[in-house]
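Protein sequence lines correspond, in order, to chains B and W. All letters in the first sequence, in the order written, are residues 1 to 95 by UniProt numbering. All letters in the second sequence, in the order written, are residues 1 to 337 by UniProt numbering.
Since the hints were made in silico from the structure, they are not lab data. No residue lacks a Cβ here, since even glycine has one placed at the ideal position from N, Cα and C. Hints are supplied without guarantee of correctness; some may be wrong.
Going by beta-carbon spacing under 10 Å, a handful of chain W positions derived as facing chain B [to be verified]:
{"no.": "1", "residue": "90"}
{"no.": "2", "residue": "91"}
{"no.": "3", "residue": "93"}
{"no.": "4", "residue": "100"}
{"no.": "5", "residue": "101"}
{"no.": "6", "residue": "109"}
{"no.": "7", "residue": "150"}
{"no.": "8", "residue": "170"}
{"no.": "9", "residue": "172"}
{"no.": "10", "residue": "174"}
{"no.": "11", "residue": "313"}
{"no.": "12", "residue": "319"}
{"no.": "13", "residue": "320"}
{"no.": "14", "residue": "323"}
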Amino acid sequence: MPEQKIPLWEVFIRSRNGLAHKHVGSLHAADAAMALQAARDVYTRRGEGLSLWVVPSAAIVASDPADKDVMFEPTASKIYRHPTFYEVPDEVGHM
Amino acid sequence: MYTQALNARENAVPVGSPEDADRAARFQARIDAEERIEPNDWMPEAYRRTLTRQISQHAHSEIVGMLPEGNWITRAPTLKRKAALLAKVQDEAGHGLYLYSAAETLGTSREELFDQLLAGRAKYSSIFNYPTLTWADIGAIGWLVDGAAIMNQIPLCRCSYGPYARAMIRVCKEESFHQRQGYEIMLTLCRGTPEQKAMAQDALNRWWWPCLMMFGPPDAESQHSDQSAKWKIKRFSNDELRQKFVDATVPQGQYLGLTFPDPDLAYDEAAGHWRYGRIDWEEFKQVLAGNGPCNRQRMKQRRDAHAAGAWVREAAMAHAEKRARRAAQADAVPQAA
Ligand SMILES: [Fe+2]
Ligand SMILES: [Fe+2]
Chain B
1 MPEQKIPLWE VFIRSRNGLA HKHVGSLHAA DAAMALQAAR DVYTRRGEGL SLWVVPSAAI
61 VASDPADKDV MFEPTASKIY RHPTFYEVPD EVGHM
Chain W
1 MYTQALNARE NAVPVGSPED ADRAARFQAR IDAEERIEPN DWMPEAYRRT LTRQISQHAH
61 SEIVGMLPEG NWITRAPTLK RKAALLAKVQ DEAGHGLYLY SAAETLGTSR EELFDQLLAG
121 RAKYSSIFNY PTLTWADIGA IGWLVDGAAI MNQIPLCRCS YGPYARAMIR VCKEESFHQR
181 QGYEIMLTLC RGTPEQKAMA QDALNRWWWP CLMMFGPPDA ESQHSDQSAK WKIKRFSNDE
241 LRQKFVDATV PQGQYLGLTF PDPDLAYDEA AGHWRYGRID WEEFKQVLAG NGPCNRQRMK
301 QRRDAHAAGA WVREAAMAHA EKRARRAAQA DAVPQAA
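Isolated chain B (complex conformation) (with noise of 0.2 Å):
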């Protein structure tokens, strides 16, 4: 009989106060419980992180490589959304 599989997760650490928390790979675990802790001796051997996340990795939904321009080309164009787009007199100062 073949092994069942078991689940994929992600794993995502806040490496220090402040910071969001960064994708850093994936792990094999039961359930949670034993994939946070699969997820602290995998990836935090030396002082990577203050706090772990996991995610089962079937719920991450992702865009398709093949709709990045579609998706992502439109804001090129949009440069008034940028303050250089702005013209401010020198003498009104930094703002």
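Using the hints, position chain W with the ligands against chain B.
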């Protein structure tokens, strides 16, 4: 550690549709521009296959590589050495897991990769089929085997495949400790009694040539290098990496007061390189073919460990399912009026 160009040549890539040719050209342009390829990006099947094979072999090597060193954990000479060896072997387990994760992003499951190893269909680095006969072997492995691995792995941090490159960055950060603790063991033995120094010399004698083989066959016979270089999976040839390793390692051995088991080893002033003698490639072939001193023992230990852990995996899954079922039932209970 330890990727090695091991397997047979890939079958010829089937001729794709014009659309595929177009995508392949765009893919190569991205590689040429030093962009990283990510799991969901389109990639040629041969690129996927090559990487799956290389990364999984690399992962298997980390895992099998725990066995020769694990052999000495209970017999380490001091508590400090024991703690360091335990930490190193645990790191190697971690390296295996980072690498299996990276390999899985290419679409082959962990179970399938384990299966390939345990069924003898996948290879792992030849070096782990040699025995660790004395404590000095633990020093020699850290110094030489991890040293060779570092040479191999540093360029892989810039590999075109993102998950592999990122895994290698983590691995490289940890390898330096491995090499230094090994060298320190050698140094301690070399400064010890004549018997201890002889033990260190004996370990160097046995590990030196197999370590040079870790870089894989000579460039003239290497089967993957051209395509791997074009894909920026491999950035230096086997012989280039081997030479870098020899150049870095010979002075370290001289500092220890040890003699390399190679009468032809000589410094080439003009080129600025240490020239080494002929490597016994027949031995390399034999070890890869399963006829090294420990191949059968290593595979048996892996298979036994995997089989002995089956009930734990089953129990963990059964427990998780039971908890999930109970949680679902609790949710389904109607609220009391
Ligand atoms: Fe390693
Ligand atoms: Fe290592």
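The hints, checked one at a time:
1. 90: With Cβ-Cβ at 7 Å, under 10 Å, it holds.
2. 91: holds, 7 Å
3. 93: Interface hint status for residue 93 (chain W): holds (8 Å vs cutoff 10 Å).
4. 100: holds, 9 Å
5. 101: At 5 Å from the nearest chain B Cβ, residue 101 (chain W) passes the 10 Å test, so the hint holds.
6. 109: Nearest chain B Cβ about 7 Å off; hint holds.
7. 150: violated, 17 Å
8. 170: holds, 8 Å
9. 172: Cβ of residue 172 (chain W) sits 13 Å from chain B, so the hint is violated.
10. 174: holds, 8 Å
11. 313: holds, 6 Å
12. 319: holds, 7 Å
13. 320: holds, 4 Å
14. 323: Hint holds; residue 323 (chain W) Cβ to chain B Cβ min 7 Å, cut 10 Å.
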